[in-house]
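Peer 1: Listed below, chain by chain, are the residues.
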Amino acid sequence: MKKLVLLALSLFLVISFTVSAGAKTLKVGLDADPVSLDPQVQLSGGMLQLSHWVFDPLVRWTQEMTFEPRLATKWERLDELTMRFTLRQGVKFHSGNTFTAKDVKWSFDRMRTSVDFKGLLDPFEGCTIVDDYTIDVKTKKPYALLLNMATYFFAMDSEFYTGTDANGQPKDAVLKIGESFALNNESGTGPFRATKRELGVVLEMERFTDYWDTKSPGNVTKIILTPIKENATRVAALLSGDVDFISPVPPQDFSRVDSDDKVKLVNISGGRIITFQMNQKRVEAFKDVRVRQAIVHAVNNTGIVQQIMKGTATVAAQQGPRGYAGYKESLTPRYDLAKAKMLMKEAGFEKGFEITMMAPNDRYVNDAKIAEAVAQMLGKINIKVHLKTMPKAQYWNEFDARAADMMMIGWHSDTEDSGNFSEFLMMCENKETGYGQYNSGYCNPKIDELTVAAQSETNLEKRAAMLQEIEQILYDDAAFVPLHWQNHSYGAKKNIQVKPIINVMNFPYFGDLVVE
Amino acid sequence: MASFIVLVIFLILAITAPWISPMNPYDSHNIDIMNSEIPPMWMEGGSPEFILGTDNMGRDMLSTMFYGLRTSIIIGIGAVSLQAFIGIVLGLSAGYMGGKTDAILMRIADIQFSFPYLMVAIFIGAVFQLLFGVGSYERLAIPLLTLIIGLSNWPMFARTIRASVMGEKNKEYVEAARVIGLPRFTIMFRHVLPNSLTSVMVIFTIQVASAIQSEAALSFLGLGMPVTRPSLGSLIRAGQEYIFSGSWWITIFPGLWLVVFVLVINLLGDWLRDVLNPKLYKG
Amino acid sequence: MFAFIIRRIIQAVVVMMVISLVGFSIKSKIGDPVRDLVGERVTPEERAQIADKMGLNDPFLIQYTRFVKQALKGDLGRSFIYNKPALEVIVRHAPATLELLIGTALIIIFVSLPLGIQSALQPRSLLSRFTMSFSTLGVSMPVFLTAILLIYLFAVNLQILPSYGRGETVDLFGNGYWKTGFLTHDGRMHLILPCLSLSSIMLPLFIRLIRSEMMEVLETEYIKYAWAKGLSPARIWMVHAFKNTLLPVITVFGVQMGITFAFTILTELVFQWQGMGFIFLEAVERSDISLLIAYLVVVAGVFVLVNTVVDIIYGFINPTIRIAGTR
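Protein chains in written order, with the working numbering: chain A, 1287 to 1802; chain B, 525 to 807; chain C, 47 to 373.
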């Protein structure tokens, strides 16, 4: 059987090679390759990118942050708790099976069993199939972000993933470690089917000939994705023509990529906020709002954006970027060294003190450099910083232990909504509810109250007011040190139409990519 | 001889770094992020305030190089002295005594070798952090790195010494010394060791270079000197990313600085060798 | 000889035991592999459960005993990041590194021997002066700087050599284990830069070593006697002097290839060369403890083996030196 499949596959490869003479192959160099072919095994940027190539969600975000119908063609609210989705007809999975409502329900139920996704799906009651192409999605409480969450509902082929594999293991098992069927086999409805995969080495995808979206302008027939971890090497690979498309482009190489006559640089602002948190449980002085204000005033985040990020980031003074419900225009960056010094003097810390600081060195764009710059800046108000940067595998452990007085944390809202920031970063740490999982040492009951209340407020105007109040309180309280929202950057050959397929989430929709 | 003078100049620069540097790159009061990546003064956009330009953090390159040299010298020489000490003692004992001692010591060398020094560094670094907390890392980074590089590279000495001792120990003069009844210790250190000194010298010079490179390699992987206290190695590492972007001076200057420095040490080693060589074989 | 080999095997086992023990004792300190498996949204409780399932929370001795038992069956644990048996991951990546080392060794041998001998025989000639100054320069370049400069020059500016990866490979045995780059033009082109940058650190050392050893040998009474006997220069240089030069060179070669092996870690990182060094870094960075320990054990084993072979060769070349441990 296995041999047969292999034979069929190689036959297919041979055929597709001969047929696709003159086909558009896109060689992609990313900093990492997706860890699995199972879209529900890990909630991470890389896996979501893959999901958009190989699978399709019910709806997806557009560049303008509106919803674009994918597998769902229409949606309407039945009541406060329910949303009815009308599904697309005539959609085929890579296996040849036909997509129906039962696949949506099956995928949703399976997603619930994944540790990575179940937290996100907590507000949901479940899915009910109305008919083959209609499905109702119910939440436990009124939930304003139902549609936002529908961007996570990727349909998996329920028939394909049912049964047991060669090892006698159920094919639908969500396994992080060990072999599972879904890890190495896929059947989605997406524009590409994975044809060859060697973890950490290469992922090859070919255009799905029966793809439902025949209107898509995309003309890439094959993608060869290679992980190139080292920044300089990735840029070199693009410049030397070894690959056609890279991401991310390190800021220090922007001008180099931009000025090259064969390649171009494309930037889009992203929603990931980079911050430093001040741990009030560890440092007595941080309890003084004047000290916190002094720190925020001492950090020249405009300078960081200009010099370290080379202008390709947006200076931040609050959690959510422009366009988010909680964004408040009046909150502006506060760099003012003289005022910072004065505040320190007022608080009685003119002579300063010593603190420890930790940051990852492979998680965010130029994270270690940013941390170094911030450490230098704090030195100017006589806060002596002992900085340690480390790989993220070690950093998260340290963060969990809240091992330093100031820790770097970046956050991208899962729901593209302001509330998500506060839930994870600013609400008092609570092991039971999971709130404040990435909050190292700030706690204000008022924030908790407002954030929770905003969750079930379906009047969008009222909700926005609440979210803006949160931002105002955090700003006045100098609850954290806001730095910037990081941009997503792509480098590509000139003939590749990158602009139309990118978005704030950093999910390049390769299915729609046009190569001239 | 010229190399010796240059080396002395380097040493003087390193020792007097705090007084001759245009600014103290470790003092954050002097550093402004807005001054980052300023090219050397003779280039467009350069400023006479920063003769060789600034790095990506806005530190004066020249000052940073003086201070970095200092750090690299301390770590390099400290580590190699440690290596040499351990290596010579163990290599001599192994080569001369042979048998069990040899087997055991060389096995230890193997164990050591099978651990890339990176691993040793991670190990000691982790334990260290548990013991002292992150706050002290900056202060203790230099002795720690010296220790790590010292401990991680001694087998080179030991193996070479052992090899040359094994070739040497059956020679007549050693036999003669043994027959006279000189104690083992004396024979080892006074008679066998001097005859292995050529190799020690050659290796010592190379090892200082390699120790500085090891330090750079550790920094390359984020395990070396903290970013706020750069050595030459971490300077090159920090600048390496900027080579493509046109800010070549961040890498090239410390790179040249390091290359010249190591070159001088190596030339000195050659010179020493030429001086020592005849003595070894005539005496 | 037989007893010697047996003894070495026993030693190898002991070494691997010690190393795995050390590896195990640090495993809790190098980070949490669960963190890397899950997204950033997963709660600590759930992570703890996963860790439990993976047996990461069991007492040290239990974990270690389990490891040793499995290891005796040839199972060194399972790599989290590659999701395959760790040993298989290493074996699959070893050829890449080995080919890097072979390429480097070839460069070293074919460049350092002629240059080293030449500069020993004619120390004052222009070529040997150039060689010596160039080699001293080469030794002072950090390997990653060399690598980056080579990429910059040959891949970005001149665009005549590829900048990363192994290129087109041929499956040597048809089972996917040994994919060689030596058999295709593309593969060989990809080998050039990494091998060059790797050899740049060892070449100077070997040229100097060969030169100094050769010069030393030429000074000996034995060679002077050969001159006096009226042997031809070629015979003296190539047979008598060269043979004696070879002895220390081979020992150092064994040791240096080991060090080169460590340097492959850096080269592989810069060139994104999917070899053992690359997976080692991945393992460290992403806390893949099983892979890390398996790597250490395998590397330790290989080192003991190589050293044994070097000692045996050493014994053949110079029979007056007894092999350690054979008394």
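No lab work stands behind these hints, which were simulated from the structure alone.
Predicted model only: the values in this text are computed from it and were never measured.
Honestly, I wouldn't trust all of these hints.
Pulled a few chain B residues facing chain C out of the computed Cβ check, cut under 10 Å [said to hold, decoys possible]: (1) ALA700; (2) ALA701; (3) HIS715; (4) LEU717; (5) VAL726; (6) GLN737; (7) ARG761; (8) GLY779; (9) LEU787; (10) ASN790.
Cut-off 27 Å, straight-line C-alpha distance, at most; resulting in silico cross-link-like pairs (BS3-like, lysine-lysine) [as the list claims (entries may be wrong)]: (11) A:LYS1508 with C:LYS270; (12) C:LYS289 with A:LYS1717; (13) A:LYS1310 with A:LYS1573; (14) B:LYS695 with C:LYS119; (15) C:LYS270 with A:LYS1457; (16) B:LYS624 with B:LYS695; (17) A:LYS1404 with C:LYS99; (18) C:LYS130 with A:LYS1515; (19) A:LYS1515 with C:LYS289; (20) A:LYS1785 with A:LYS1427; (21) A:LYS1457 with C:LYS225; (22) A:LYS1313 with C:LYS270; (23) C:LYS225 with A:LYS1482; (24) A:LYS1427 with A:LYS1573; (25) C:LYS270 with B:LYS695; (26) A:LYS1573 with A:LYS1508; (27) A:LYS1378 with A:LYS1310; (28) C:LYS275 with B:LYS695; (29) A:LYS1717 with A:LYS1515; (30) A:LYS1482 with C:LYS130.
Residues from chain A that keep clear of chain C, each with C-beta distances beyond 12 Å, as calculated [said to hold, decoys possible]: (31) ASP1402; (32) ARG1649; (33) ASP1700; (34) GLY1720; (35) VAL1784.
Note that CB positions come from ideal geometry on N, CA and C, so glycine has one too.
Peer 1: Hint by hint, say whether it matches the structure.
Peer 2: Do the hints match the structure? See the list:
{"no.": "1", "hint": "ALA700", "verdict": "17 Å, violated"}
{"no.": "2", "hint": "ALA701", "verdict": "19 Å, violated"}
{"no.": "3", "hint": "HIS715", "verdict": "18 Å, violated"}
{"no.": "4", "hint": "LEU717", "verdict": "17 Å, violated"}
{"no.": "5", "hint": "VAL726", "verdict": "6 Å, holds"}
{"no.": "6", "hint": "GLN737", "verdict": "5 Å, holds"}
{"no.": "7", "hint": "ARG761", "verdict": "8 Å, holds"}
{"no.": "8", "hint": "GLY779", "verdict": "6 Å, holds"}
{"no.": "9", "hint": "LEU787", "verdict": "5 Å, holds"}
{"no.": "10", "hint": "ASN790", "verdict": "5 Å, holds"}
{"no.": "11", "hint": "A:LYS1508 with C:LYS270", "verdict": "70 Å, violated"}
{"no.": "12", "hint": "C:LYS289 with A:LYS1717", "verdict": "72 Å, violated"}
{"no.": "13", "hint": "A:LYS1310 with A:LYS1573", "verdict": "59 Å, violated"}
{"no.": "14", "hint": "B:LYS695 with C:LYS119", "verdict": "49 Å, violated"}
{"no.": "15", "hint": "C:LYS270 with A:LYS1457", "verdict": "79 Å, violated"}
{"no.": "16", "hint": "B:LYS624 with B:LYS695", "verdict": "22 Å, holds"}
{"no.": "17", "hint": "A:LYS1404 with C:LYS99", "verdict": "18 Å, holds"}
{"no.": "18", "hint": "C:LYS130 with A:LYS1515", "verdict": "21 Å, holds"}
{"no.": "19", "hint": "A:LYS1515 with C:LYS289", "verdict": "46 Å, violated"}
{"no.": "20", "hint": "A:LYS1785 with A:LYS1427", "verdict": "38 Å, violated"}
{"no.": "21", "hint": "A:LYS1457 with C:LYS225", "verdict": "31 Å, violated"}
{"no.": "22", "hint": "A:LYS1313 with C:LYS270", "verdict": "64 Å, violated"}
{"no.": "23", "hint": "C:LYS225 with A:LYS1482", "verdict": "16 Å, holds"}
{"no.": "24", "hint": "A:LYS1427 with A:LYS1573", "verdict": "36 Å, violated"}
{"no.": "25", "hint": "C:LYS270 with B:LYS695", "verdict": "19 Å, holds"}
{"no.": "26", "hint": "A:LYS1573 with A:LYS1508", "verdict": "56 Å, violated"}
{"no.": "27", "hint": "A:LYS1378 with A:LYS1310", "verdict": "23 Å, holds"}
{"no.": "28", "hint": "C:LYS275 with B:LYS695", "verdict": "24 Å, holds"}
{"no.": "29", "hint": "A:LYS1717 with A:LYS1515", "verdict": "34 Å, violated"}
{"no.": "30", "hint": "A:LYS1482 with C:LYS130", "verdict": "17 Å, holds"}
{"no.": "31", "hint": "ASP1402", "verdict": "5 Å, violated"}
{"no.": "32", "hint": "ARG1649", "verdict": "9 Å, violated"}
{"no.": "33", "hint": "ASP1700", "verdict": "7 Å, violated"}
{"no.": "34", "hint": "GLY1720", "verdict": "5 Å, violated"}
{"no.": "35", "hint": "VAL1784", "verdict": "21 Å, holds"}
Violated hints, in rising order: 1, 2, 3, 4, 11, 12, 13, 14, 15, 19, 20, 21, 22, 24, 26, 29, 31, 32, 33, 34; the structure is consistent with all others.
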